[in-house]
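For the sequence shown, full-length UniProt numbering gives the first residue as 1, with consecutive numbering after it.
Simulated from the structure, these hints should not be mistaken for lab results.
Keep in mind that this is a model prediction, so the values were computed, not measured.
A couple of the hints might just be wrong.
Stated by the list, open to error - SDA-like, lysine to any residue: derived pairs with alpha carbons at most 20 Å apart:
{"hint": "1", "residue 1": "Lys3", "residue 2": "Lys81"}
{"hint": "2", "residue 1": "Lys8", "residue 2": "Leu58"}
{"hint": "3", "residue 1": "Lys68", "residue 2": "Tyr55"}
{"hint": "4", "residue 1": "Lys8", "residue 2": "Asp56"}
{"hint": "5", "residue 1": "Lys78", "residue 2": "Ala60"}
{"hint": "6", "residue 1": "Lys81", "residue 2": "Leu57"}
{"hint": "7", "residue 1": "Lys8", "residue 2": "Ile71"}
{"hint": "8", "residue 1": "Lys68", "residue 2": "Lys9"}
{"hint": "9", "residue 1": "Lys9", "residue 2": "Tyr55"}
{"hint": "10", "residue 1": "Lys68", "residue 2": "Lys45"}
{"hint": "11", "residue 1": "Lys6", "residue 2": "Tyr55"}
{"hint": "12", "residue 1": "Lys6", "residue 2": "Ile71"}
{"hint": "13", "residue 1": "Lys68", "residue 2": "Glu86"}
{"hint": "14", "residue 1": "Lys68", "residue 2": "Arg92"}
{"hint": "15", "residue 1": "Lys78", "residue 2": "Gln59"}
{"hint": "16", "residue 1": "Lys78", "residue 2": "Met31"}
{"hint": "17", "residue 1": "Lys9", "residue 2": "Ile71"}
{"hint": "18", "residue 1": "Lys68", "residue 2": "Lys8"}
{"hint": "19", "residue 1": "Lys6", "residue 2": "Asp56"}
{"hint": "20", "residue 1": "Lys8", "residue 2": "Tyr41"}
{"hint": "21", "residue 1": "Lys9", "residue 2": "Ala60"}
{"hint": "22", "residue 1": "Lys8", "residue 2": "Gln59"}
{"hint": "23", "residue 1": "Lys45", "residue 2": "Tyr55"}
{"hint": "24", "residue 1": "Lys9", "residue 2": "Met31"}
{"hint": "25", "residue 1": "Lys68", "residue 2": "Glu52"}
{"hint": "26", "residue 1": "Lys81", "residue 2": "Arg92"}
{"hint": "27", "residue 1": "Lys45", "residue 2": "Leu58"}
{"hint": "28", "residue 1": "Lys9", "residue 2": "Lys78"}
{"hint": "29", "residue 1": "Lys9", "residue 2": "Tyr41"}
{"hint": "30", "residue 1": "Lys78", "residue 2": "His93"}
{"hint": "31", "residue 1": "Lys68", "residue 2": "Asp51"}
{"hint": "32", "residue 1": "Lys3", "residue 2": "Arg20"}
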Amino acid sequence: MVKAEKLKKTHVELIQRLGRAAEYKDNETGMHVLRMSRYSYVIAKASGLADEEAYDLLQAAPMHDIGKIGIPDDILLKPSKLTAEEYAHMQRHT
Numbered sequence: 001m002v003k004a005e006k007l008k009k010t011h012v013e014l015i016q017r018l019g020r021a022a023e024y025k026d027n028e029t030g031m032h033v034l035r036m037s038r039y040s041y042v043i044a045k046a047s048g049l050a051d052e053e054a055y056d057l058l059q060a061a062p063m064h065d066i067g068k069i070g071i072p073d074d075i076l077l078k079p080s081k082l083t084a085e086e087y088a089h090m091q092r093h094t
């Protein structure tokens, strides 16, 4: 395997692992990440992107909410309405 292919494979694996980290934090977030990845791919293909570009988007999509990993569980998983302070904390997750 050439060096560029190994690097791309490592890059894809890293993105997948970071995306999976969100699943361990919150199952709903994990399912959201999976849905967003698939929707991104379908929309990319429907928009005429090449297979490789659509695949790259599929691989990158899990990163869009990766900042939620840093949100405390008591805020992220709170079943009731967030306070103004908690909501502000959520807005800073990116």
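query = Looking at the structure, which of the earlier hints fail to hold?
reply = 1, 3, 5, 6, 7, 8, 10, 12, 15, 17, 18, 24, 25, 28, 31, 32
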